[in-house]
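Can you build the whole structure from these sequences, using the hints too?
Chains as they are written, first to last, in numbering that gives the first Met the number 0: chain A, 0 to 425; chain B, 0 to 337; chain C, 0 to 293.
Please keep in mind that the hints were generated in silico from the structure rather than gathered at the bench.
You may find that some hints are simply not true.
[To be verified] Here are a few chain B residues that face chain A, going by a calculated C-beta distance under 7 Å: (1) 0; (2) 2; (3) 3; (4) 67; (5) 119; (6) 126; (7) 138; (8) 146; (9) 224; (10) 225; (11) 229; (12) 270; (13) 278; (14) 279; (15) 282; (16) 283.
C-beta: ideal position from N, C-alpha, C; glycine also.
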Amino acid sequence: MRKPIYLTLATSGLLALAACASNGGGTASSGPVGIVQIAAYTGDQAFEAQFSDSIDFPALYAVNHAGGILGRKVSLIQVDTRSDPADALAAMGKTLATSSNVAAILGPDSTSAATLVPLLNTHHQPMMISAGEAAYDRSSYAYLWRDVPPDPANGEAIALWAKRQGYASVATVFGTDTGSQGDLPGVVAGVKAVGIKLADQENLTPDQPSYRAAVERLLAAKPAAIITESDGPTAATFFGELRQLGSLVPIIGTSGTPSDSYFTPMRGAIGSANFNKYFRAVVVGNPVTSLAVKAFNASVLATAAKLSKPVTQWENNSFSESGYDAMITLALAMDAAHSTAGTVYNSYIAQVTAPGPGKQVVYTYAAGKAALAAGHKIQYIGAAGPLLFNKYHNSFGSQAVEEFPANAPAVVVGTITQAQVQALGG
Amino acid sequence: MSFYISTLLVYFFVDVLLAWALNLQFGWGGIPNFALIMFQAVGAYAAAVVSLGPDTGAGAFQRYVFGSDLPFPVPLLVATAAGGILALVVGMFALRRIRRDYQAAILLIVSLIAIQVVSNLVGLLNGSNGLTGVPKPLSGVLAGLTYDGYQWVYAAWAGLIALGVYLLVARLGGSAWGRALRAVRDNEDAAATIGLNPMGLRMQAFVIGGMIAGLSGGLLVDFLSAWSPAAWGYAETFAVFTAIILGGVGNNWGVVLGTLLVQVIFLQVPTFAPQVGYTGLIDALEWVLIGGLWLLCLAIRPRGLIPERRRTVAPPPGVAATLTPGPAAAAPSQGVSQ
Amino acid sequence: MLIIQAIGFGVITAALIAIGAMGFTVQFGLTNVLNISYAGAMTVGAFATFIAEELHLALVLGVLLAPLAAAAVTLVLGRTLFAFYARRGAGLFEMVMVTLAVNLILQFGIDAASHEQIYRFAFPQGASLHVGPFTFTVTQLALVAVAAGVFASLEFLLRRTRLGKALRAMAVEPRLARTCGIPTAKIVNVVWLLSGALAGLAGLAYVINALTIDASVGTNFLPLVLAAAILGKAGSTRGAVLAALALGVVTEEVAAVGGAAYSTVAGFGILAIVLLTRPAALAGQATGKVEVTV
Numbered sequence: 000m001r002k003p004i005y006l007t008l009a010t011s012g013l014l015a016l017a018a019c020a021s022n023g024g025g026t027a028s029s030g031p032v033g034i035v036q037i038a039a040y041t042g043d044q045a046f047e048a049q050f051s052d053s054i055d056f057p058a059l060y061a062v063n064h065a066g067g068i069l070g071r072k073v074s075l076i077q078v079d080t081r082s083d084p085a086d087a088l089a090a091m092g093k094t095l096a097t098s099s100n101v102a103a104i105l106g107p108d109s110t111s112a113a114t115l116v117p118l119l120n121t122h123h124q125p126m127m128i129s130a131g132e133a134a135y136d137r138s139s140y141a142y143l144w145r146d147v148p149p150d151p152a153n154g155e156a157i158a159l160w161a162k163r164q165g166y167a168s169v170a171t172v173f174g175t176d177t178g179s180q181g182d183l184p185g186v187v188a189g190v191k192a193v194g195i196k197l198a199d200q201e202n203l204t205p206d207q208p209s210y211r212a213a214v215e216r217l218l219a220a221k222p223a224a225i226i227t228e229s230d231g232p233t234a235a236t237f238f239g240e241l242r243q244l245g246s247l248v249p250i251i252g253t254s255g256t257p258s259d260s261y262f263t264p265m266r267g268a269i270g271s272a273n274f275n276k277y278f279r280a281v282v283v284g285n286p287v288t289s290l291a292v293k294a295f296n297a298s299v300l301a302t303a304a305k306l307s308k309p310v311t312q313w314e315n316n317s318f319s320e321s322g323y324d325a326m327i328t329l330a331l332a333m334d335a336a337h338s339t340a341g342t343v344y345n346s347y348i349a350q351v352t353a354p355g356p357g358k359q360v361v362y363t364y365a366a367g368k369a370a371l372a373a374g375h376k377i378q379y380i381g382a383a384g385p386l387l388f389n390k391y392h393n394s395f396g397s398q399a400v401e402e403f404p405a406n407a408p409a410v411v412v413g414t415i416t417q418a419q420v421q422a423l424g425g
Numbered sequence: 000m001s002f003y004i005s006t007l008l009v010y011f012f013v014d015v016l017l018a019w020a021l022n023l024q025f026g027w028g029g030i031p032n033f034a035l036i037m038f039q040a041v042g043a044y045a046a047a048v049v050s051l052g053p054d055t056g057a058g059a060f061q062r063y064v065f066g067s068d069l070p071f072p073v074p075l076l077v078a079t080a081a082g083g084i085l086a087l088v089v090g091m092f093a094l095r096r097i098r099r100d101y102q103a104a105i106l107l108i109v110s111l112i113a114i115q116v117v118s119n120l121v122g123l124l125n126g127s128n129g130l131t132g133v134p135k136p137l138s139g140v141l142a143g144l145t146y147d148g149y150q151w152v153y154a155a156w157a158g159l160i161a162l163g164v165y166l167l168v169a170r171l172g173g174s175a176w177g178r179a180l181r182a183v184r185d186n187e188d189a190a191a192t193i194g195l196n197p198m199g200l201r202m203q204a205f206v207i208g209g210m211i212a213g214l215s216g217g218l219l220v221d222f223l224s225a226w227s228p229a230a231w232g233y234a235e236t237f238a239v240f241t242a243i244i245l246g247g248v249g250n251n252w253g254v255v256l257g258t259l260l261v262q263v264i265f266l267q268v269p270t271f272a273p274q275v276g277y278t279g280l281i282d283a284l285e286w287v288l289i290g291g292l293w294l295l296c297l298a299i300r301p302r303g304l305i306p307e308r309r310r311t312v313a314p315p316p317g318v319a320a321t322l323t324p325g326p327a328a329a330a331p332s333q334g335v336s337q
Numbered sequence: 000m001l002i003i004q005a006i007g008f009g010v011i012t013a014a015l016i017a018i019g020a021m022g023f024t025v026q027f028g029l030t031n032v033l034n035i036s037y038a039g040a041m042t043v044g045a046f047a048t049f050i051a052e053e054l055h056l057a058l059v060l061g062v063l064l065a066p067l068a069a070a071a072v073t074l075v076l077g078r079t080l081f082a083f084y085a086r087r088g089a090g091l092f093e094m095v096m097v098t099l100a101v102n103l104i105l106q107f108g109i110d111a112a113s114h115e116q117i118y119r120f121a122f123p124q125g126a127s128l129h130v131g132p133f134t135f136t137v138t139q140l141a142l143v144a145v146a147a148g149v150f151a152s153l154e155f156l157l158r159r160t161r162l163g164k165a166l167r168a169m170a171v172e173p174r175l176a177r178t179c180g181i182p183t184a185k186i187v188n189v190v191w192l193l194s195g196a197l198a199g200l201a202g203l204a205y206v207i208n209a210l211t212i213d214a215s216v217g218t219n220f221l222p223l224v225l226a227a228a229i230l231g232k233a234g235s236t237r238g239a240v241l242a243a244l245a246l247g248v249v250t251e252e253v254a255a256v257g258g259a260a261y262s263t264v265a266g267f268g269i270l271a272i273v274l275l276t277r278p279a280a281l282a283g284q285a286t287g288k289v290e291v292t293v
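Next up, the structure:
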């Protein structure tokens, strides 16, 4: 009995020694500025990785191309949540312990938010979260910022658009996978709030050979339009059968739908003409072609080698634009505060994005950096529109209704503003 | 760094609980529980739904069953009970007297199907999104502590629970019940002829192990504030199996060592390696390494680094003379080969 | 109406399960190795065709690559790793652990190599045909035909050829078979190849139906394949097909009536019920000397 205990204790002791020996921490003031991207690079949610890449590489390019932050280059530190809160916590803890130059966080995502937000807030790390839970609508975390709409906001915007189009009843068709389910509650709440009848709700288990039962139920309910989000093959199977068994109606996708892996199967299943005729998506951001959008697209093309193909899916992609804007904002805040320490520059995040008299409006990092150097106060208006953080550090801007011609950037056919969504009670 | 260490410490205690649970079920009971992680999951989910409060219907962002707001430490008790109940249900059809390999396959299937069900039945436990926002226990009472301070207090709490469970399994192991269990494992027919109840004993071991696993789940979810299907893939069970096979099946301290070596050192050290290939490559390869490590253990030291203790019981007085020493008291089967 | 149509879907699903279950049971019946890495072999087969498609090879070639690749992997595993542990006296359960470890290596090795992404799997589905109340695509009917063809071939092999006789003899009495001059080692090799080929085919069939592919397809498909093989009794191809039919129809009926989330549970429920009532009938006796023949 003695031997095993000693062996165990010895091993633990060695481990503890090793741990104490290596010590990170503290904020470096020279060398690269570390920006942490928290995302699922492995596991169930590994699809997040390509979205994160479409944000990180263009944003870092834009910043470094203009000379970096306070004369220092920006480097990316990728933290893999492995789609699992426990692994996210361990990975984040390890990164904080071993990297001394972490200046800001892009993330956490939905999987890891509950676990990581308190930790990062305590460590004074400003975070631009991508987690859409409504729990952060009224966040009291000083270092938490969000420039994407909470999941419910997209649903409410869709409901408003449906109302505008005059649909008397709608049906929802959502996959049971993680990504899709997140947006469903907001859609249901929004539809009820605008007074449209919710004729049918279908939840589809992905990768089934047929959704005949669901299609028949939906046809029986006779909705005027369908609101949907699911992965590509599931959507293709469902809508293909819908076309076969009945007829198509207008389809409104959530902000989670626009991507090549969704469009291609859908076009294949219902035909390109039908797709162009019936399918719209309500997406985050109002991609009016501004200088900011041009700068974003240019950065995307410049870093195309590191992004998922085809690269055209990232141009004008509002989710990527929001993330890119988040990074630019953080960088400008650090420039304005002359510091990369979270405790110092956190309050400048609102400053560099809020409108105000005498402020110079800028659309790119380079312009913002130059204006700050010349002593001006700035307002950065991003590729996804202005970032108007409310007192809970939430900004979600307008949402746009877009149609998607093949192999071309999306075309905006309508806009729903933040004010309109908030009036709905969002 | 202190935060990282305290996190690893909590994970270590949780993993050790799982290891003892598996040791009880597999090491002593001979039950190849390839669904072990499912019992941790049910405990975590149970603790979560009874401390999250009611989900408020379509407007809220999570959907799940039950939903009450019970104070600490009741969720942990609920978690333990949930693990035990699930073990009872699964045990009813999985613990029949069937070939060990069939039994293993069936338990594996149960684990695989459970994940599919939970992911697709969104109203049950919020599907693949999982549950988040689970309140940390006693966060109101301990509000004066810093973040790091709370972490260490939690680690101490986890350690206390581990100590309690250790005392339990140590007693069980040395008791008549433990002997009976191992007798059933080693030779079921002989055990039955001397009046032991194999099915009953196995079920008891399975349920107690299930309860410990459930407790570990409750402990973990209170720490992470979140839980989702990604946290309990079938591969997680094998990390525990590897830990106990490496450390020593059937030996409580052996499995502690194994857990330390596998769950802590083996799985954390590679994360410090310089990045090779794309992000996440090393993480994915860790499971390949676990498989390889397992094969290695089976080939080289199937009894583990610290093998099961031979327990001898002195014969009652007067009987010694009548006993003839037979071939060395049948070497305790490691529970490895049939 | 939907309930009737679900029978049609059930037959398709049954065909997929049957191909997998037949491959599994033939191998299991002979060697007594409950080979969990069969899941990995299924994934290998599916990926072989996927990669062929990405490389724009001819479709026929791509389809052939699935059973070939999986058979090769299975044979190598059988002759190296599995034989190694069997020689050292591994029992039935220990072999399960070995195959499980191998499955971990296969699945996560493929995961790492495939960048952990889910890929779209394109395969011509053919026109939709209406047969009475049922609707099938040409490809689905082809899958049923393939399953039927596999069954017929296996039946012929097992009952009409010398190889089949030798196989059946070995399954019952391995040592006696050896002393009778049956080349047991060669036959075991044949069985590994056969099992692997059917695994590859089953994996391919699965992704043709699902239209997506990632490293976990084999493990996702395994529960139903394993359940069918266990229900159908080890070594019995007829049993495997009947069990596959039962499972296929039940899962689709439950999906049609109750929702897809319950379908796999329903399939497994059959297994659980049989285990509750007549465990020995299908799961084999716990006693008695059953050896690993590898």
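Quiz item: For this structure, which hints from the list above don't hold up?
Solution: The structure conflicts with hints 4 and 7, although it agrees with all the remaining ones.
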